[in-house]
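A.B. asks: Under the numbering used here, the first residue of the sequence shown carries the number 1, and numbering increases by one thereafter.
Take the hints with a grain of salt, since some may be wrong.
Stated by the list, open to error - Computed cross-link-like contacts, SDA-like style, restricted to lysine to any residue with a CA-CA straight-line distance of at most 20 Å:
(1) K137 to D73
(2) K114 to D73
(3) K78 to Y36
(4) K76 to H111
(5) K137 to K78
(6) K122 to G74
(7) K78 to A89
(8) K137 to V86
(9) K78 to P108
To be verified - What follows is a set of in silico ranges between Cβ atoms, one per label pair, in the way DEER data are often shown:
(10) A22 to H93: 35 to 41 Å
(11) R94 to R43: 23 to 29 Å
(12) Y36 to T100: 47 to 53 Å
(13) S23 to D96: 33 to 39 Å
(14) A42 to A101: 17 to 23 Å
(15) A117 to L18: 14 to 20 Å
(16) G110 to R43: 29 to 35 Å
(17) F15 to K114: 38 to 44 Å
(18) H81 to K114: 28 to 34 Å
Calculated directly from the structure, the hints in this document are not laboratory data. C-beta: ideal position from N, C-alpha, C; glycine also.
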Amino acid sequence: MNDGLPFNMVKTASFEVLMQVASGDPSFGIMARATYDDMMDARFEIFTDSVASLLQFHSEGMFGMKFLNVIHDGWKAKGNHSIAGVSLAFIDHRWDFRHTAVLSTVMPDGHEAKLVADMIKKRSLAVYGVNFMSMAK
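Could you put the whole structure together from the sequences, leaning on the hints where they help?
C.D. replies: Written out as structure tokens, the structure reads:
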């Protein structure tokens with residue numbers, strides 16, 4: 001039993017065998033969980049920096065006009081926990097349509113409209129340094 005905590009597959013012998021078979025390399029070694037954590041943190045930082053940079057460029061290029069569509073969805077997870085997911089849709093400076101998922105947050109107090117709007121504002125500022133809601137149509 002895992003007491004409701006995430007189960008870590010990386011440290012199991014079965015996962016190592018799976019990776020050896022998938023890679024075709026019987027000597028394939030599994031990195032430590034901390035290494036995966038560091039890699040994921042680094043990738044997430046690159047992603048958040050690029051989203052913030054892209055949105056900042058647009059904000060300046062749009063002369064203060066609102067150009068961003070903020071799309072959110074809420075659902076209940078196991079144990080009746082509310083979760084909200086947020087994505088952004090917009091047309092970039094090359095006139096290409098962009099749609100990217102940016103937030104997924106557990107909402108212990110429910111997913112009413114005001115709570116979701118407050119969460120989007122707070123989390124977008126905390127994670128990206130940009131208030132998505134101020135740029136939204």
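A.B. asks: A separate judgement is required for each hint: does it hold in the structure or not?
C.D. replies: Evaluation of the provided hints:
The straight-line distance between the Cα atoms of K137 and D73 is roughly 17 Å, inside the 20 Å bound, and the hint therefore holds. Proximity of K114 to D73 is assessed by CA-CA distance (about 14 Å); at most 20 Å being required, the pair is judged to hold. For the proposed pair K78 and Y36, the alpha carbon gap of about 26 Å is over 20 Å, so the pair is violated. Among the hinted pairs, K76 with H111 is consistent with the structure: their alpha-carbon atoms are about 9 Å apart, no more than 20 Å.
Taking the CA atoms of K137 and K78, the gap is near 33 Å; set against the 20 Å cutoff, the hint is violated. Taken as a hint, the K122 and G74 pair is honoured in the structure, with Cα atoms around 17 Å apart against an allowance of 20 Å. About 29 Å separates the Cα atoms of K78 and A89, which puts this hinted pair outside 20 Å; it is violated. With a CA separation close to 15 Å, the supplied pair K137 and V86 stays within the 20 Å bound.
Taken as a hint, the K78 and P108 pair is honoured in the structure, with Cα atoms around 13 Å apart against an allowance of 20 Å. Checking the proposed 35 to 41 Å range against A22 and H93 shows it holds: the Cβ atoms sit about 40 Å from each other. In this structure the supplied range 23 to 29 Å holds for R94 paired with R43, their Cβ-Cβ distance being about 24 Å. Distance hint for Y36 and T100: a CB-CB separation of about 23 Å, inconsistent with the stated range 47 to 53 Å.
Separated by about 35 Å at the C-beta atoms, S23 and D96 satisfy the suggested range of 33 to 39 Å. Between A42 and A101 the C-beta distance comes to about 19 Å, which sits within the given range of 17 to 23 Å. Between A117 and L18 the Cβ separation comes to about 42 Å, which falls outside the hinted range of 14 to 20 Å. Taken as a hint, the range 29 to 35 Å holds for the pair G110 and R43, whose Cβ atoms sit roughly 31 Å apart.
One distance hint, 38 to 44 Å for the beta-carbon pair F15 and K114, holds here, with the actual separation near 43 Å. Between H81 and K114 the beta carbons are some 19 Å apart, a value that contradicts the proposed interval 28 to 34 Å.
Hint compliance for this structure: hints 3, 5, 7, 12, 15 and 18 are broken, all remaining hints hold.
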